[in-house]
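K.L.:
These are the residues of each chain, in order.
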Amino acid sequence: MSMLRSYRLLVGWQARRLKGVLPLAIVVQTLLALGIVIGYPLLFPGLDRSTTLFLATGAPAITLISMGLVLVPQMVAQSRTEGTLDYMRSLPVPRLVYLLADLSVWLAVVLPGVIFAVAVGDVRFGLELQVSPLVVPAMLLVALTATAIGYAIASLLPAMLANLLTQVLVVFVLMFSPLNFPPDRLPSWLAAIHRVLPIQAMGEVIRGTLAGGTFPLTTGPFLLLAAWCVASFVVTHRVMNRRA
Amino acid sequence: MLLEIVDVTKTYRGGVRANDGVTLEVGAGEVYGLLGHNGAGKTTLANQVVGLLRPDTGSIHIDGVDAVARPDEARRRCSIQPQAQVPIAGLTPRQAIGLVGRLRGATAPDVHRRSRALSAALELDEWLDVDGVRLSGGVKRLVSFCMAAVAPGRVVILDEPTNDVDPVRRRLLWAQVRRLADDGAAVLLVTHNVIEAERAVDRLAILDHGRVVVEGTPSSLKAGLAEDLRLELVLEPGADAPAMAPFVRRVTRNGHRVLATVPAGEASDAAAWAQQLRRAGTVEEFSLAPATLEDVYIGAVGRADALQPESRTIAREELAGVHAA
Numbered sequence: 001m002s003m004l005r006s007y008r009l010l011v012g013w014q015a016r017r018l019k020g021v022l023p024l025a026i027v028v029q030t031l032l033a034l035g036i037v038i039g040y041p042l043l044f045p046g047l048d049r050s051t052t053l054f055l056a057t058g059a060p061a062i063t064l065i066s067m068g069l070v071l072v073p074q075m076v077a078q079s080r081t082e083g084t085l086d087y088m089r090s091l092p093v094p095r096l097v098y099l100l101a102d103l104s105v106w107l108a109v110v111l112p113g114v115i116f117a118v119a120v121g122d123v124r125f126g127l128e129l130q131v132s133p134l135v136v137p138a139m140l141l142v143a144l145t146a147t148a149i150g151y152a153i154a155s156l157l158p159a160m161l162a163n164l165l166t167q168v169l170v171v172f173v174l175m176f177s178p179l180n181f182p183p184d185r186l187p188s189w190l191a192a193i194h195r196v197l198p199i200q201a202m203g204e205v206i207r208g209t210l211a212g213g214t215f216p217l218t219t220g221p222f223l224l225l226a227a228w229c230v231a232s233f234v235v236t237h238r239v240m241n242r243r244a
Numbered sequence: 245m246l247l248e249i250v251d252v253t254k255t256y257r258g259g260v261r262a263n264d265g266v267t268l269e270v271g272a273g274e275v276y277g278l279l280g281h282n283g284a285g286k287t288t289l290a291n292q293v294v295g296l297l298r299p300d301t302g303s304i305h306i307d308g309v310d311a312v313a314r315p316d317e318a319r320r321r322c323s324i325q326p327q328a329q330v331p332i333a334g335l336t337p338r339q340a341i342g343l344v345g346r347l348r349g350a351t352a353p354d355v356h357r358r359s360r361a362l363s364a365a366l367e368l369d370e371w372l373d374v375d376g377v378r379l380s381g382g383v384k385r386l387v388s389f390c391m392a393a394v395a396p397g398r399v400v401i402l403d404e405p406t407n408d409v410d411p412v413r414r415r416l417l418w419a420q421v422r423r424l425a426d427d428g429a430a431v432l433l434v435t436h437n438v439i440e441a442e443r444a445v446d447r448l449a450i451l452d453h454g455r456v457v458v459e460g461t462p463s464s465l466k467a468g469l470a471e472d473l474r475l476e477l478v479l480e481p482g483a484d485a486p487a488m489a490p491f492v493r494r495v496t497r498n499g500h501r502v503l504a505t506v507p508a509g510e511a512s513d514a515a516a517w518a519q520q521l522r523r524a525g526t527v528e529e530f531s532l533a534p535a536t537l538e539d540v541y542i543g544a545v546g547r548a549d550a551l552q553p554e555s556r557t558i559a560r561e562e563l564a565g566v567h568a569a
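Respectively, the protein sequence lines represent chains A and B.
Taking my numbering, the leading residue of the first sequence gets 1, the next gets one more, and so forth.
Taking my numbering, the leading residue of the second sequence gets 245, the next gets one more, and so forth.
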């Protein structure tokens with residue numbers, strides 16, 4: 001039984017299971033992404049180009065991170081509560097294939113919004129983005145890492161706690177992480193923390209691949225993110241294979 | 245033997261010993277019943293076989309593969325119908341059965357052929373394309389049986405497969421369970437429905453507080469009670485239990501139902517005594533019949549409280565023919 005075949009079947013399973021909520025989820029995710037790009041400038045009129053550029057390039061990162069850290073763990077927690085997860089765990093499918101199948105379904109939900117929001121921001125504010133082909137691996141890396149962390153949270157904590165933690169994470173990512181603003185606005189201790197956490201790096205790789213002229217792309221954030229990606233996959237793999 | 249469980253002990257955090265030195269073997273073509281009351285450790289044992297739980301000590305082999313060291317291989321060789329309902333909301337039974345069959349490695353045509361056969365045998369055709377959220381509990385239960393049977397492992401574990409299923413389809417289901425064994429699988433049937441198990445299993449073990457207290461074929465287990473008859477009294481609602489006649493032994497009570505054994509030699513006295521109780525209005529109905537597996541169960545576990553209400557109904561229907569009135 002090839003992994004690829006299991007993957008395809010599980011994507012089909014998850015997509016059918018969620019078919020009732022998927023269209024709405026796509027709309028909500030698009031509105032969220034648009035809200036960051038269009039909504040902030042409404043709140044604070046007269047923003048300069050560099051600020052709007054920050055917002056337009058921060059929105060994709062925020063959307064992808066909240067998919068991995070909020071949507072995915074909430075869905076995993078729900079599957080755990082209703083028993084789907086245990087049933088799926090009794091099938092002869094490698095554990096990480098579940099993660100990849102979930103990730104694919106949710107990427108399909110958030111990507112239209114991400115692309116739409118960036119395009120609208122570009123046109124509305126005349127940002128003249130310079131999109132590099134590296135944006136594809138950058139976004140995948142961000143989504144993979146965030147999802148692996150989200151899976152670990154949902155597998156380690158009881159459902160209620162996992163849901164609570166994801167709410168806290170939303171606020172932290174949206175308000176206290178240098179995604180919509182440069183890191184020098186943070187207090188130095190929080191800036192120091194963000195140099196180690198993956199969130200800032202997630203923002204930088206996407207920003208650098210969308211607007212390379214203004215935000216030069218360096219290997220540093222890619223390497224940090226890759227390390228987080230590998231580490232979170234190792235942890236998630238162990239957690240998912242754990243037997244009580 | 246396809247399934248070999250040797251000296252398995254499992255203690256949960258908090259100190260509950262769910263399995264205590266459990267040893268049993270199930271061969272190809274055999275339906276093996278694992279009986280016991282709620283919390284006896286039946287599902288814990290099943291979950292260790294499929295690698296969802298890890299035993300503290302002991303070994304589990306499926307078709308020669310060490311299931312404790314290689315849970316992934318165990319899952320390939322073993323399919324399970326879990327005790328909990330499998331949530332298939334958003335999927336139709338056809339889709340759910342098909343997906344599991346394909347995930348278990350069967351080809352699309354095989355899955356198609358097998359699910360049609362199962363659906364026809366269990367009279368599920370009218371539900372095949374209905375969304376899972378709209379299915380009744382019994383139909384969902386049958387669908388989850390089909391999910392375990394569509395591409396069965398060498399070992400098939402069925403955890404309370406007949407819960408919520410109507411009496412007609414129960415019979416159809418038992419026929420399919422037998423069919424799985426006839427096709428070469430080792431079937432481990434977890435149930436607390438003793439009366440149904442008596443007809444469905446080749447051998448069985450009774451689990452009590454995590455230990456195997458009795459093991460054997462239904463007839464060998466009943467042989468010890470060959471000189472006994474079972475006396476069942478159904479009390480009038482509100483009536484107190486009558487004083488027992490001296491020849492009535494091993495009395496257990498479950499609600500309105502009183503079960504006891506009577507030496508075969510005292511049969512006519514017992515019938516006369518029970519008839520008298522009926523005339524006096526203490527007893528609604530009674531029956532006197534050869535001992536069943538249920539009596540073995542009560543003898544082994546020492547109480548009737550684990551028996552399900554539905555088993556009582558079936559017992560009454562079944563025994564209607566031997567009414568001594």
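Note that these hints are calculated values from the structure, not bench results.
Built from N, CA and C at the ideal position, the CB exists for glycine as well.
Some hints could be false.
Calculated lysine to aspartate or glutamate pairs in the DMTMM-like style (CA-CA distance at most 25 Å, straight line) [to be verified]:
#	chain 1	residue 1	chain 2	residue 2
1	A	Lys19	B	Asp410
2	A	Lys19	B	Asp373
3	B	Lys466	B	Glu317
4	A	Lys19	A	Asp86
5	A	Lys19	B	Asp375
6	B	Lys466	B	Asp375
7	B	Lys466	B	Glu480
8	A	Lys19	B	Glu370
9	A	Lys19	A	Glu82
10	B	Lys466	B	Glu510
Computed from the model, here is a short list of chain A residues facing chain B with C-beta under 8 Å [said to hold, decoys possible]:
#	residue
11	Ser6
12	Arg16
13	Arg80
14	Leu91
15	Val93
16	Asp122
17	Phe125
K.L.:
Are aspartate 122(A) and chain B close enough, Cβ to Cβ, to be under 8 Å, as the hint says?
P.N.:
Because about 37 Å separates aspartate 122(A) from the closest Cβ in chain B, which is outside the 8 Å limit, the hint is violated.
K.L.:
When you check the alpha-carbon spacing of lysine 19(A) and aspartate 373(B), does it fall within 25 Å?
P.N.:
Given that 25 Å is the threshold and the Cα spacing comes to 16 Å, the pair holds.
K.L.:
Please work out if lysine 19(A) and aspartate 375(B) have their alpha carbons no farther apart than 25 Å.
P.N.:
Judged against 25 Å, a Cα distance of about 12 Å means the pair holds.
K.L.:
For the pair supplied as a hint, lysine 466(B) and glutamate 510(B), is the alpha-carbon distance within the 25 Å limit?
P.N.:
holds (19 Å)
K.L.:
Run the distance test for lysine 466(B) versus aspartate 375(B): straight-line Cα separation, threshold 25 Å.
P.N.:
Violated: lysine 466(B) and aspartate 375(B) sit about 45 Å apart, past 25 Å.
K.L.:
Let's test the interface hint: is any C-beta of chain B closer than 8 Å to that of arginine 16(A)?
P.N.:
holds (5 Å)
K.L.:
Does aspartate 410(B) sit within 25 Å of lysine 19(A), going by the straight-line distance between their CA atoms?
P.N.:
Status violated; Cα separation ~31 Å.
K.L.:
What's the verdict on lysine 19(A) and aspartate 86(A), does the C-alpha distance respect the 25 Å limit or exceed it?
P.N.:
OK: lysine 19(A) and aspartate 86(A) at ~21 Å, within 25 Å.
K.L.:
Does lysine 19(A) pair with glutamate 370(B) here, judged by a C-alpha cut-off of 25 Å?
P.N.:
holds (23 Å)
K.L.:
Mind checking the CB of serine 6(A) against every CB in chain B and telling me if the closest is under 8 Å?
P.N.:
Because about 6 Å separates serine 6(A) from the closest Cβ in chain B, which is inside the 8 Å limit, the hint holds.
K.L.:
Check whether the Cα positions of lysine 19(A) and glutamate 82(A) lie no farther apart than 25 Å.
P.N.:
It holds: about 17 Å lies between the C-alpha atoms, which stays within 25 Å.
K.L.:
Is lysine 466(B) close enough to glutamate 317(B), meaning Cα to Cα at most 25 Å?
P.N.:
violated (38 Å)
In terms of the numbered hints stated before, the structure departs from hints 1, 3, 6, 7, 13, 16, 17, listed from lowest to highest.
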